[in-house]
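Colleague: Just so you know, the sequences run in chain order D, Y and S. If you read the first sequence in this note's numbering, its first letter stands for residue 34, the second for the next number, and so on. If you read the second sequence in this note's numbering, its first letter stands for residue 44, the second for the next number, and so on. If you read the third sequence in this note's numbering, its first letter stands for residue 954, the second for the next number, and so on.
Possibly wrong hints are sitting among the right ones.
[What the hints assert, rightly or not] Straight-line Cα separation of at most 30 Å, DSS-like style, residue types lysine-lysine; simulated pairs:
{"no.": "1", "chain 1": "Y", "residue 1": "Lys264", "chain 2": "S", "residue 2": "Lys1048"}
{"no.": "2", "chain 1": "Y", "residue 1": "Lys264", "chain 2": "D", "residue 2": "Lys131"}
{"no.": "3", "chain 1": "Y", "residue 1": "Lys264", "chain 2": "S", "residue 2": "Lys961"}
Keep in mind the hints are simulated off the structure, nothing from the lab. All figures in this text were calculated on a predicted structure; none of them were measured in a lab.
The primary structure of each chain is shown beneath.
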Amino acid sequence: MDRIPILKMGRFLLVTIQVDLYDRLATNLEADLVQAVSTTGARGVLIDISALTIVDSFMGRIIGNIGSMAKIMDAETVVVGIQPAVAITLIELGLELKGVHTALNVERGMQLLQEKIGPEDETTDDDSSTE
Amino acid sequence: MKQDIAKLLQKKKKQLLENWMTNQLADSALREDLMSNEELRGQSEEFVESLLNTINGSNIAEPSSSDFDPVLEILAGISMSRARQGFSPRETGYYIFSLKDALLQILQDEIKDPVQLFESSMQVTRLVDSFSTVTFETFIKGREDVILRQTDEIAEISTPVIRVWDGIVALPIIGTLDSARTQVVMENLLEQIVQTGSSIAILDISGVPAVDSLVAQHLIKTVSATRLMGAECIISGIRPEIAQTVVHLGIDLSNIVTKASLASALRYAFSMLQLEVKKKTKVITQ
Amino acid sequence: MMIVVLNKDTINISREQDVVVFRNRVKESATKIRMGLVNQTKLITAASELVRNMLRYANGGIVTIEVVSRGRDNGIRLVFADEGPGIKDIPLAMKDGYSTGKSLGLGLPGTKRLVSEFDIKSVVGTGTTVTIIKWNNG
C-alpha cells in the first residue's frame, strides 16, 4: 500500500494517517493531497496523526509543505491529535510545524476550520491572518 | 624467628573485640539513638570473626588480596546501612578507625621487639586503611542512593496538574526547572491536556526562585509543545524580580501570553473561552 | 564509569523501507529496558534522522543496536557506520540551520538535542560513524 486515502467531507478534506510514514508514502501523500485540494476546491485540510508514534524532521517537513501548499491554494490546514511525546520531541528537535494549525482532536480541528473559513455562503475575502 | 601476627591476633580474638568495643563505647560519636549497644556488638563481632578467619601470614601484607572480599562485603553492608540510617561520616569512620586502635593495642602488648612491632603495626595500618577506603566509598554511595531516591520522589510529587475549570488546566511549578524536570512537567501537562480535553493551560511560576535564560528556554519549549497539541499556554506568576531579570538578560517572551498572577491568567482564560464570571446581583435600591 | 554492553544486534540499511523495520527494532530494545515513552520517542526520532542521513548521503550503511549499562543506568547505544563521502567540516555540520541536502537543516544538531550522548567521526572519502546513547533517565 503506497497511498493514504483522502476523504472529502463537505468543504474539507480529511486524512487519517494510521501507519508510520516512510518516505515514498509521505511524498505521495503530499502530491495526492495538493491534487485533491485543486480538484475538489476544498477550503480546509484536516490531518489526523494521532496514530503516529514518531514524527521526524522529514515527516515534519512534509506536513509543513502540505500546509504551505494548501495555503497558497486558499485552503487552511489543521493537524490534529499530536501525541504528547511526539510534541515534546518535535520541539526539542526544533520543528514547530509553522504554516499549519493544530488542534487536540478531529472534532476540535473541524471547529477550528469552520472558524478560520467562515460560513459557507460567504465568499468575501477574509484576510485576517491567524497565527 | 618472626612472629606470625595473624596467628597472634586470632589467639587474642576475644581481647581484640573487647578493646574495640571499649573504644567504640568510649567515643563521643556513639549513636545510641540510632543503634543499640547490643546491635553494635553483634555487628562488630561478625566483622572481627570474618577478619580473623581470613587473615593469614601472607595475605596480611596484601590489603588488595581477593581473600578479603568477604570481609569487605560485610564492611560495605555496614557502611551502606549506616549511611541510610543517617550516621555522619565521622561516626561511620570511627567504627573502622577504632578497630585500628584495638589492633595496635594488642600488637603493642604482645610484641616486644621494636623493629618487629613497627613492621607489624605498618602492616595492620595498611590493611585497616584499605578497609577505611571501602567504608567511605560505600558510605558515599549509600548517601547518593538516598539523594537519588529523594530526587525521584520530588520529581514525582512536584508536578501536579490541576483542572481549574472545564477546558482549563493549571500547573504550579515549585523549585528550579532543569531539563529533566522540564520533560516531566511537559509530559504531565500534555497528558492532562489530552485527558481533560483542555484548550488552555496555565503554567504558574510563582514558586520558581529564579528565571535565567536556560529556565526561560525550558518555559518557551513547554509553551511551544502545548501549542503543537492545539492548546494555548499562559505563563503566570511573573514576579517583579523575574520581569527584571528576563529583560536584563534580553530574553524574548513576546510570543508568549504572560500574566502577573494566576488570577489574571484565569481571567484571560475565561475571556478566551468566552466565559463570564459575574457577581450575583442582589436587588438593592439605594 | 564503565559502559557494559548487555546485548548487541546489527542491521543493514540499504533501502527506504528498512527505516521502518529499523525503527521497530530500536523500539523493541528500548521497551525491553523499560525506557519512558518520551525518552523512547526522542531516541527513535533521533535514530530515524540519522538513518535517513545515511541513506541520503551514503546510500545506506550498517547500524549496531546495543543495550548498555553504566552503574545503575541502562540505555541504548546506536552506532551508525557508513562508507559515504564523509563530512568535511564537522563543527559546521553541527551548527543549527546548516544542511547540504534538501532537508530543514536541523538534522545533526536537532538529533544531538534528543539524546544523552552524541559522537561523530568522519573521514572524507572513507565514511562517517555516528554514535548516540540514550540513557533511561536522561
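Colleague: Hint check: lysine 264/Y vs lysine 961/S, CA-CA at most 30 Å. Holds or violated?
Modeller: Roughly 35 Å separates the two Cα atoms, so the pair is violated.
Colleague: Run the distance test for lysine 264/Y versus lysine 131/D: straight-line Cα separation, threshold 30 Å.
Modeller: Answer holds: lysine 264/Y to lysine 131/D is near 15 Å, not above 30 Å.
Colleague: Between lysine 264/Y and lysine 1048/S, is the straight-line Cα distance small enough, at 30 Å or below?
Modeller: holds, 19 Å
Checked against the numbered hints given earlier, this structure breaks only hint 3.
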